[in-house]
Amino acid sequence: DQQVKQNSPSLSVQEGRISILNCDYTNSMFDYFLWYKKYPAEGPTFLISISSIKDKNEDGRFTVFLNKSAKHLSLHIVPSQPGDSAVYFCAAHAGSTLGRLYFGRGTQLTVWP
Amino acid sequence: EAQVTQNPRYLITVTGKKLTVTCSQNMNHEYMSWYRQDPGLGLRQIYYSMNVEVTDKGDVPEGYKVSRKEKRNFPLILESPSPNQTSLYFCASSRQNSNQPQHFGDGTRLSIL
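Sequences listed follow chains A and B, in order. Anchor point for the first sequence: position 78 equals 169 in the numbering used here, and the numbering is continuous, going up by one each time. Anchor point for the second sequence: position 93 equals 1212 in the numbering used here, and the numbering is continuous, going up by one each time.
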């Protein structure tokens, strides 16, 4: 039973355009959400996070939006660059300290020139 | 340099031969965790540890053991490996607070024949 879902296995976007990666969750107890990026032959690296008390968090070209009523979050990358091509994982957990952490299956983003 | 180090990076072995994958971090992190990544399944948590001598099961703990005798080390033990444990494994560490991102190792690719 997957509690964090990324329903699009892949996304292809032209350089300079916006990339939107989506993530849905089922557990209403989740209150912290993170996005990780993964290149081949490397471990995932942290990208951006958001707490459930917010609905938006920005960091440079990356913005995460949280819609608690819909149990949906999205990652926007503007403008997209070829170096953004990677697998993006959405993750979630409940509580003020880390414990069980739930990941989605990932979305392969390809940014073409 | 802050890092999470996994060894070995690659291993091919046979069914039933006990093996240990080591994980060490130099950031004095309380929280450590093991994940496996399989095609189409994303990252799934195997075990995690909130601190020394404190470990707990993740999504897929069957067939694995862990121990946390020291803060810096969190080895993953496969007592009797089977082919369905062929996978890419990642160790991660972080501070315990929920807003702290995890630092991942570069992964260990295990092939069980």
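The hints are simulated quantities; they were obtained by calculation from the structure and are not laboratory data. We treat Cβ as the ideally placed atom computed from N, Cα and C, and that holds for glycine. Where hints are given, some of them may not hold.
[Said to hold, decoys possible] Covered by chain B, per the in silico footprint, the following chain A stretches (three or more residues, Cβ under 8 Å):
#1 111 to 121
#2 189 to 202
[As the list claims (entries may be wrong)] Only pairs whose alpha carbons sit at most 16 Å apart, straight line, appear in this in silico EDC-like list of lysine to aspartate or glutamate:
#3 A:Lys128 / B:Asp1225
#4 B:Lys1137 / B:Asp1178
#5 A:Lys96 / B:Asp1225
Status of each hint after checking the structure:
For the segment 111 to 121 of chain A, the proposed coverage by chain B is not satisfied: 0 residues have a C-beta within less than 8 Å of a C-beta in that chain, short of the threshold of three. Beta-carbon proximity to chain B at under 8 Å applies to 9 residues in the segment 189 to 202 of chain A; the threshold of 3 is reached and the given coverage holds. The straight-line distance between the Cα atoms of lysine 128 of chain A and aspartate 1225 of chain B is roughly 13 Å, inside the 16 Å bound, and the hint therefore holds. Our distance criterion of 16 Å between C-alpha atoms is broken by lysine 1137 of chain B and aspartate 1178 of chain B, whose separation comes to about 22 Å.
Between lysine 96 of chain A and aspartate 1225 of chain B the CA atoms are separated by roughly 24 Å; this puts the pair beyond 16 Å, and the hint is violated.
Hints 1, 4, 5 from the earlier list are contradicted by this structure; the remaining hints agree with it.
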